[in-house]
Amino acid sequence: MHNLQLALDGAWKVLLASLILGAGLPALFALGVRSMAYGTGGEVSGGSPHRTGTIVGYVCFGIVLLGVLLGLTYIVATGLGKTLSFENVIPTLVDKS
Amino acid sequence: MILTLVVITALGFDFTNGFHDTANAMATLIATGALRPKVAVLLSAVLNLVGAFLSVQVALTVTNAVVRIQNSDGTPKTETLDGGGTALLLIVLAGLVGAIVWNVFTWLLGLPSSSSHALFGGLIGSAVAGLGWAGVNWTGDGSKLDGVVGKVLLPAILSPVIAGVVAGVGTWLIYRLTVGVARRFTDNGFRWGQIGSASLVSLAHGTNDAQKTMGVITLALIAAGEWSDTGAIPFWVKVTCAVAISLGTYLGGWRIIRTLGKGLVEIGPPQGMAAESASAAVILSSSQLGFALSTTQVATGSILGSGVGRPGAQVRWAVAGRMVTAWLITMPAAGLAGALMWWIADLIGGSAGAVVIFALLLALTGLMWARSRRTPVNHHNVNDEWQDDRAPARVPAGHAS
Chain F
1 MHNLQLALDG
11 AWKVLLASLI
21 LGAGLPALFA
31 LGVRSMAYGT
41 GGEVSGGSPH
51 RTGTIVGYVC
61 FGIVLLGVLL
71 GLTYIVATGL
81 GKTLSFENVI
91 PTLVDKS
Chain R
1001 MILTLVVITA
1011 LGFDFTNGFH
1021 DTANAMATLI
1031 ATGALRPKVA
1041 VLLSAVLNLV
1051 GAFLSVQVAL
1061 TVTNAVVRIQ
1071 NSDGTPKTET
1081 LDGGGTALLL
1091 IVLAGLVGAI
1101 VWNVFTWLLG
1111 LPSSSSHALF
1121 GGLIGSAVAG
1131 LGWAGVNWTG
1141 DGSKLDGVVG
1151 KVLLPAILSP
1161 VIAGVVAGVG
1171 TWLIYRLTVG
1181 VARRFTDNGF
1191 RWGQIGSASL
1201 VSLAHGTNDA
1211 QKTMGVITLA
1221 LIAAGEWSDT
1231 GAIPFWVKVT
1241 CAVAISLGTY
1251 LGGWRIIRTL
1261 GKGLVEIGPP
1271 QGMAAESASA
1281 AVILSSSQLG
1291 FALSTTQVAT
1301 GSILGSGVGR
1311 PGAQVRWAVA
1321 GRMVTAWLIT
1331 MPAAGLAGAL
1341 MWWIADLIGG
1351 SAGAVVIFAL
1361 LLALTGLMWA
1371 RSRRTPVNHH
1381 NVNDEWQDDR
1391 APARVPAGHA
1401 S
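In order, the protein sequence lines correspond to chains F and R.
Heads up, the first sequence is in the working numbering, so the first residue is 1 and it goes up one at a time.
Heads up, the second sequence is in the working numbering, so the first residue is 1001 and it goes up one at a time.
Honestly, I wouldn't trust all of these hints.
To give a feel for the contact side, a few chain F residues facing chain R, derived at Cβ under 10 angstroms [stated by the list, open to error]:
1) A7
2) L19
3) I20
4) A23
5) G24
6) P26
7) A27
8) F29
9) G32
10) V33
11) A37
12) T40
13) V64
14) G67
15) L72
16) V76
Computed Cβ-Cβ distance ranges for the label pairs, DEER-style [as the list claims (entries may be wrong)]:
17) G1180(R) / L84(F): 37 to 43 angstroms
18) W12(F) / W1192(R): 27 to 33 angstroms
19) Y58(F) / W1236(R): 42 to 48 angstroms
20) D1187(R) / T73(F): 27 to 33 angstroms
21) L66(F) / W1317(R): 33 to 39 angstroms
22) G1231(R) / R51(F): 55 to 61 angstroms
23) T1075(R) / L66(F): 41 to 47 angstroms
Simulated from the structure, these hints should not be mistaken for lab results.
C-beta atoms are modelled at their ideal positions from N, C-alpha and C, and glycine is treated no differently.
Given only the sequences and the hints, what does the whole structure look like? Please build it.
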């Protein structure tokens, strides 16, 4: 049953990648929302503005945006017959094999 | 003559593919009120159009995953070309008719079944009828994920589970991280998060699904001797497919949007974002890793997961069960419809047979559309309170499910 083996092999990779991108990034986004709220002093406790909160918030949103851009690049690249290679850690565009 | 019917039917399938799948990306946006229903479907339609045009790469070998009517370079197998390609055209036409009939039927029931499964099921059915059991690529050659088992069945079981787990974890994390943050911050933040993640899903859908129809039409053109380049798709095919899928998306499968957005779980903005992010991540990472899957099943799994992951949320398992049933019977049912259509066409023979099954397609879809007018679901009532006793997914008598 080669197919089953191959499918399970692919499935755990998909699960791992999706957990990082699909649950990690939204969690970071939530952290960003929380920091922003803290930054404007809107959290339950506190009440005065905190600059660190705003900065951390922007950093979180920035990372999330990078993740979204990676996804967009991937979609566009696939359409053009190319694919993203993660071999050199930094994603680069290569021709699809 | 048959070729014209194949092209029209394929575009018709592309159209049903569009309206059947609007819900995958937009159901959560609409249910949480992040965008007004009409705006959401417009956004999705535009992104599907853009996505379809982005697919420059040729998806000519799309049928190779499940049936054996093409060589590996995309040209039709010679034995299917008897009589000017009529044999192949009839198989494709019957398969498409079966797929559309099943798609419209599940839409009538408000069930989010997979359009790719309907297409593959229909083609498998007509290939079995036309070529025998050997006409189907059941398991591939074992060197990579291939065939009906590897490309369709196994991913169909695994992908909703993966999407559900990811969305569940995401939802749980989001709720944990935003405990105590005022609503005015969370609602606005997650609204944008939802719009962004749902847009990614729509774009990915456009690039993937429009390509399938383009591949099928080009295959038909090659079989009929109207096109010979296996490295490119005629420009008019690309334009018509892109327009068909985005028109379908804009029409909006409101019945399915309602089931996914309101029927499964009462969804909040953070859950909507978690669900769509999970869908986008699973769809993109699996296609990067060469793991074929159905957008519909991923989206449903995600929404279900976002319900499980939220502390204290209620999931309507009866609705979920009905969906799983629809997934299980989509391939066999579309296959049966495809086979039946091929037999009818073959019995009558030639162009007349093709015309008859095309007329049958029009009659059946017309009937189902007329039936849908009795309990209309549109952008006005799509978000109404869900009541189990008059759910749109009522199963008609005589239909075993």
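The hints, checked one at a time:
1. A7: holds, 4 angstroms
2. L19: Check passed: Cβ of L19(F) comes within 6 angstroms of chain R, closer than 10 angstroms.
3. I20: With a closest approach of 8 angstroms, the I20(F) hint holds.
4. A23: holds, 4 angstroms
5. G24: Given a least distance of 8 angstroms, the restraint on G24(F) holds.
6. P26: Nearest chain R Cβ about 5 angstroms off; hint holds.
7. A27: Since chain R brings a Cβ to about 4 angstroms from A27(F), closer than 10 angstroms, the hint holds.
8. F29: holds, 5 angstroms
9. G32: Cβ of G32(F) sits 7 angstroms from chain R, so the hint holds.
10. V33: Check passed: Cβ of V33(F) comes within 4 angstroms of chain R, closer than 10 angstroms.
11. A37: This hint holds: A37(F) lies near chain R, its Cβ roughly 4 angstroms from the closest one there, short of 10 angstroms.
12. T40: Given a least distance of 8 angstroms, the restraint on T40(F) holds.
13. V64: With Cβ-Cβ at 8 angstroms, under 10 angstroms, it holds.
14. G67: holds, 9 angstroms
15. L72: This interface hint holds because 7 angstroms falls under the 10 angstroms limit.
16. V76: holds, 6 angstroms
17. G1180(R) / L84(F): 37 to 43 angstroms: This hint holds: roughly 39 angstroms between Cβ atoms.
18. W12(F) / W1192(R): 27 to 33 angstroms: Check passed, 32 angstroms falls within 27 to 33 angstroms.
19. Y58(F) / W1236(R): 42 to 48 angstroms: holds, 47 angstroms
20. D1187(R) / T73(F): 27 to 33 angstroms: holds, 30 angstroms
21. L66(F) / W1317(R): 33 to 39 angstroms: About 38 angstroms separates the Cβ atoms of L66(F) and W1317(R), which means 33 to 39 angstroms holds.
22. G1231(R) / R51(F): 55 to 61 angstroms: Between G1231(R) and R51(F), where Cβ atoms are some 57 angstroms apart, the hint holds.
23. T1075(R) / L66(F): 41 to 47 angstroms: Given a distance of about 43 angstroms, which is inside 41 to 47 angstroms, the answer is holds.
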